[in-house]
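J.: Chains as they are written, first to last, in numbering that gives the first Met the number 0: chain A, 0 to 915; chain B, 0 to 132; chain C, 0 to 90.
There may be inaccurate statements among the hints.
Straight-line Cα separation of at most 30 Å, DSSO-like style, residue types lysine-lysine; simulated pairs [as the list claims (entries may be wrong)]:
1. A:Lys239 to C:Lys4
2. B:Lys84 to B:Lys109
3. A:Lys311 to C:Lys4
4. C:Lys4 to A:Lys657
5. A:Lys89 to C:Lys64
6. A:Lys311 to A:Lys386
7. C:Lys64 to A:Lys311
8. B:Lys87 to B:Lys66
9. B:Lys84 to A:Lys680
10. A:Lys680 to B:Lys109
11. A:Lys27 to C:Lys4
12. C:Lys64 to C:Lys4
So these bits of chain C aren't anywhere near chain A, every CB distance computed over 10 Å [said to hold, decoys possible]:
13. Arg27
14. Asp30
15. Gly37
16. Arg61
FYI, nobody ran anything at the bench for these hints, they're computed from the structure.
Because the structure is a prediction, the values reported are computed rather than measured.
Every residue, glycine too, gets a C-beta built ideally from N, C-alpha and C.
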Amino acid sequence: MLTSTIVFVVAGLYLGGLFLLAFVTDRKAERGTANFINSPVVYTLSLAVYCTSWTFYGAVGSAARNGLEYLTIYLGPTLVLIGWWFLLRKLVRISKAQRITSIADFISARYGKSAWLSALVTLIALIGVTPYIALQLKAVAASFDALVATDELLPGLVRDRSLFHDTGLWVAACMAVFVILFGSRNLVADERHPGVVSAIAFESIVKLFSLGAIALFAVYGLHDGVADLFAQAEWHAGVKRLYGFADGFEPRWIALTFLSAAAIMCLPRQFQVTVLENHNEHQLATAAWLFPLYMFLVSIFVIPIAISGMTKLPETANPDLYVLHLPLDAGYGSLALLAFVGGLSAATSMVIVASIALSIMISNHLVTPVLLRLPFFTGPDRGDFSKVLLVVRRVSIVAILTLGFSYYHLTGTASPLASIGLISFVGVAQFLPALIGGIYWERGTKAGATTGLLGGFFLWVYTLMVPSLGGSGWAFMDLVRDGPLGIAFLRPAALFGTEGWDPIVHGLVWSMTANITLYALVSILTRQSPLERLQSAVFVDIFHRRRQRVEEALQRSATTDDLFQLSQRILGPERARRIFLDYGLLPGGRTGHLQTPGPDFVAHVERQIASSVGAASARSLVARIAKGEIISLDAVINILDETQEAIRYSRELERKSKELEETAAQLRRANAQLTRMDRLKDDFLSRVSHELRTPMTSICSFSEILAGEQVLDSQQTRRFVHIIQQESRRLTRLLDEILDLNRLESGRLEWDLRTVDAAQVVREAMETMRGLARNNAVALEDRMGARSLPVTADADRLKQVFINLLSNAIKFNSTDNPAAWVEIADAADGGLLEIRIRDNGPGIAPEDQARLFDKFARGWNTRSRRSDGAGLGLAISRQIMLNLGGDLTLASSSDKGSCFAVTLRRADADVPAVAE
Amino acid sequence: MGTRILIAEDEPYILESLSFLLTREGHAVESVMDGAAIMQAIRLHRPDLLILDVMLPTTNGFDALRKIRATDDVRHLPVLALTAKGQKADRQRMLDLGADDFVTKPFSNKDLVARVARLLNGAPLEDGGQVAG
Amino acid sequence: MKPDKRVRDAALLLPLAGLLLLMPPYIRVFDQPAFFAGVPLLYIYIFCLWLVGILLSALLSRTLKRRLDAADMDLPDGADRRDPDGGPDDR
């Protein structure tokens, strides 16, 4: 039996434990030993503050009432997290670069650091989130009541009770203390609160654990496993309804997914934990799958609880409280207590973070701008403004919680938890167009964002807040029933005649339509101020920007002293000193440095100050002391264009240098080839020179002998003259061959192409060689048969080839019964014909075969007298064959003989182009 | 005179002219036409001078020369190199390899005969070039 | 640059595909009265899809983390992602 005392004590101990945890963490953080705060797991758990008591209690309620719809609340964020690389990462990157302090600051900074915009966002956030805070308090109170009530199961109405017996009040007070202690201890540089983070991470674990425990209880305690659970539900009509989608589920399904996706970014508390408390982008990478996993588990746990609730608990039980009633009714008091603690965790974590986020926004964007206008606060000897800021912060926290509590106390509505939460979602979703547009659309202007926000906000209030207040009997009842001034067409719940729409869908559609339309239209129609242009470029291009300081464009100068004074007052003396020390710019010009710090330093200081008071206030503060020209739009555009130019130029450069590399590689290759060819040419020339000198030597020598005084006998004279003649002819032949080869290779020869019979040409060549064959006692045979072989060729040149081959076959055959013959082979390809010249000579050594057709290759005729021919014969023959579209190859060679193959295209086949 | 000259040359006509010239001067002339057979021929004929064509089949003149200079009993054989290349670098190479003198083709008969005589008398010229024209 | 682009495209496709598959009309397809061990087909579809999405996201994150490290060399506009307090960032 659970008495209120027991519950109070447990709750108190639990909260006390939280305080302790936060305290210890903060101490460790101060000493620099709290690195676990930066772990991706802790980060992800802190994101799970998204799952408030709406999830803990309301998800089961929603599942029991509306089936699978509850999943949309978790599917939306899952998608956003999975797509972190594009959206969330950009938000994080920008926020770090610009030292953003809240979502209002983000939006304001993007649209020219506008103070009005940040104030507007803050107000909307406050109005939107207050019901949500109230919701948490209501959940705690209701769960407390359920826990200690003895006999009845109340349908969830908060009993009318005096103020001091209201659990909600105590929770709110407790939260206020917690947040003041741990959420605003000092104005740190970047709004990170390690104590708070560790507390809510811990609470996320408790939430999950507790919900899981109840789910397990439902499956294994109340049933015998999953199958049993579903089997027992077979007969229950209500459960059956949950198995599928109802008709017309689509609009709500889509709308809620969209809303939850928007909420995971736009809810101030989510922005706080996701973007501002982020330490590095690796955390995001882990959260991208770990957070969806968390929500996956939560969603799965909901199902057995919902089903069991419907089958095991009476009809009148409040589905929102199934989580408690299931263990309670079965008599497991401690389990129910665990559930209560889980719910408490869910509620308190939301309240804590939301209060911090809202208090930052209020102090920075609502209060500070006002205070700064009052001379009281900005005179030269006003002391430390940072202390004032702290007080403002703390007062806002109390104010927020008071507001939340009042809302809860006054509107003890019977609406299920889920619907209040959804109204809140639509409210913060109004930030989405300005946010997304801000980071992707450079053209989005401040005017556009403002009008969009105003329009969306107005419609949200009109279509959702008004009916909800009217519904609870608080106000606006006439308006809801009859429409403004009696115009039914403009009734809040059915605008423009849209009867029967689900209220959330209705509200979302109209508010978003107005928001987006106004944002887009007005942005297109208005121009941006220089600062807006600057900021929009910085935001949209954050991934591409390098070390460029575009803000330097704003020429500003201030004296070091003035800046230092300002920094001291806002940031406190310690931080101010550190900043200035880092820059070597101690005031008073002690180090002899510039009295006028450069605009980049001014921008730096402004950013530091912005981390305490928000971008807009920081800007106005610094602007006051920094004398600046209002830079013209043209100048900004020029600078931005220059930047674009620079980016384009550097890309061009990259491309060009790649091209250059390729060209250089090509050049290297070409050079290598030229060098090779050069060497070949050198080789050739030196060989030619050698070949020419050889006959020259004989000619010179014998000429000299003949011309000498010594008398020779006539036989010797005749001999020597003969030799001179021989060698002269050889020389001439050599020169002819060289020229021939050259012309063949360069293609400058004139060909007389006709259809000739190759066999006939061969026979003519053999005739010519008969004499030589006889002289060398070589038998020459024609084994071609009677076929005719029509080819397209130059007859003389072809004959030259055969003569060359036959001559070689005759001259280099040193066997006993030398023989040479010509035959025709069957070529594989029907269009080609192959004529073979064979001999039975000693063959060609393998090592010489490779160089056989090279110019001046002579290795293979060592045993011959090289009295004619200079080794160019085969080279020339081959070249001729190639030019005729055929080939000349050494088909085979062994010590039994060699075989040369002449290949030609048949004239009746398709003749390929011959070299011209 | 009793001097024997070995000519290593594979072009028959050049060999013939050299033979004729040197025989006319009173030397005994032997010939070898293959680089691989030079060592054998030297040992066989024991010449007083070797005229060596650098472009020989099988083993070229350079290698043959190197071998000669590396073999003890024939190291001191005077060698007159015959080359078709006339560049300074080639000349230098011949001398570095151990030729005592060299002549480029085509050569002047008078010049060749003079160099042979000088080598046989044991005094090679300093600059291995053409003496006249 | 090719593996780069592919990873980037995958990172974009995954959430978009997830979105598409979770919306009507696709999700309607699975709204059939079919049961596996008593569990409705629709539940199985959604939760399996969800789980697959989580797995793919985990895999993708591994690759993307490496890209983050590689890109650390050129941080844009003064943002020191690792250092919360930042130092002087005008360098």
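J.: Determine for every hint whether it applies to the structure shown.
T.: Tested hints:
no.: 1; hint: A:Lys239 to C:Lys4; in the structure: 47 Å, violated
no.: 2; hint: B:Lys84 to B:Lys109; in the structure: 20 Å, holds
no.: 3; hint: A:Lys311 to C:Lys4; in the structure: 54 Å, violated
no.: 4; hint: C:Lys4 to A:Lys657; in the structure: 19 Å, holds
no.: 5; hint: A:Lys89 to C:Lys64; in the structure: 15 Å, holds
no.: 6; hint: A:Lys311 to A:Lys386; in the structure: 57 Å, violated
no.: 7; hint: C:Lys64 to A:Lys311; in the structure: 48 Å, violated
no.: 8; hint: B:Lys87 to B:Lys66; in the structure: 23 Å, holds
no.: 9; hint: B:Lys84 to A:Lys680; in the structure: 16 Å, holds
no.: 10; hint: A:Lys680 to B:Lys109; in the structure: 35 Å, violated
no.: 11; hint: A:Lys27 to C:Lys4; in the structure: 42 Å, violated
no.: 12; hint: C:Lys64 to C:Lys4; in the structure: 15 Å, holds
no.: 13; hint: Arg27; in the structure: 7 Å, violated
no.: 14; hint: Asp30; in the structure: 5 Å, violated
no.: 15; hint: Gly37; in the structure: 3 Å, violated
no.: 16; hint: Arg61; in the structure: 8 Å, violated
Of the numbered hints given earlier, the model fails hints 1, 3, 6, 7, 10, 11, 13, 14, 15 and 16; all others are met.
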